[in-house]
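A.B. asks: Below, each chain spelled out in residue letters.
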Amino acid sequence: MIKDLLYKYVLALGDDALILGQRLSQWAYKGPFLEEDIALSNISLDMFGRANLLLEYAATLKGNGVTADNLAFKRNERQFTNHILFERPNGNFADTMVRQFFLDTFYKLFLQKLTESKDEQLSAIAQKSIKETTYHLRHSSKWIIRLGDGTAESHAKVQSAIDSLWMFTNELFEMNDVDNEMVRQKIGVNCLSIKSEWDKIIDEVLAEATLKRPEDIQIITGGREGIHTEHLGHLLSDMQYLQRAYPDAKW
Amino acid sequence: MSEKKIPIWEVFIQPKTGASFQHAGNVHATDEEMALQNARELYTRRQEGTCIWVVKTEHIVSSSPEDQSSFFDPADDKVYRYPTFFKVSKKAKGL
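Chains as they are written, first to last, in this note's numbering: chain U, 1 to 251; chain G, 252 to 346.
In short, the hints are calculated from the structure, not lab data. A quick note: this is a predicted structure, and the numbers were derived from the prediction, not measured. No residue lacks a Cβ here, since even glycine has one placed at the ideal position from N, Cα and C. There could be a bad hint or two in this list.
[Claimed, not checked] Going by beta-carbon spacing under 10 Å, a handful of chain G positions derived as facing chain U:
#1 I257
#2 P258
#3 E261
#4 H274
#5 V278
#6 H279
#7 A280
#8 D282
#9 E284
#10 M285
#11 Q288
#12 N289
#13 K341
[Stated by the list, open to error] Some chain G residues near chain U, calculated using beta-carbon distances under 10 Å:
#14 L293
#15 D327
#16 K329
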């Protein structure tokens, strides 16, 4: 029973990493300039590395010969349990940086707590990942400040990105039955406990960037239950094409 | 952002603690933090270094090609400036 819940918990974290890695990889060769193109690809690779660790672990927990590749390439969109913010389209560069900034801030706080997990595997993965995410946050938060405090056009674009993505941020702090049981077992993170720190970092960076924090008028959730926006299916059809068309192909 | 307007920075990497910084190449960046980050992305992806210096290319003072003969040729005929010019005594150990 606990093992099944742990599987779901690890799988959800793996899906977050996998979907963001795939999204960021869509920037490859399309970055605003060479150096930033490479930076986005490097972050994408960090996310794929993390997804690999988590999905390998999830596959072990599941047993029955399930592999990390099965989990990545042979589930449909209703079986993916990433938070919705991770699947949001890249949009323009400001949209991507705002998504990244919200997620980096969340994951930095989340992973710090996860290093204390009673589950040794999760704790080890968190310790490895926190170094990457610390750097990602430095990268994305500086861009928010640069764009917000930049030209009138960059300010308008980054504010518009914040306004349109804000409704997906509350989902990050939702606690479902799996989360609650993992917290009881001292394996998982109580996301409610990191909300005020998240607010603080977001507010500080937005203030320095001369940007406005939106109101919580509309809140969209459902990712952890497999209910997604229309964009995830398109992402998966691209990512899973090869394994769907040529099952178990190797190269 | 037009690439033409982004300043260029020279990147120096220290391969290990205590070692000399070595010129690695250059990057585009609009500010110091971006220059450091871009240098990190381009030149230290495989753990090449322990520290990075970046300096705006325009701040580097270079000798010009016309200076070459007056700067460097005088060293041509002064072989005694090389340590190999001198014979080392066989008794001298640990040099």
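A.B. asks: Need the list of violated hint numbers for this structure, in ascending order.
C.D. replies: 2, 3, 4, 13, 15 and 16
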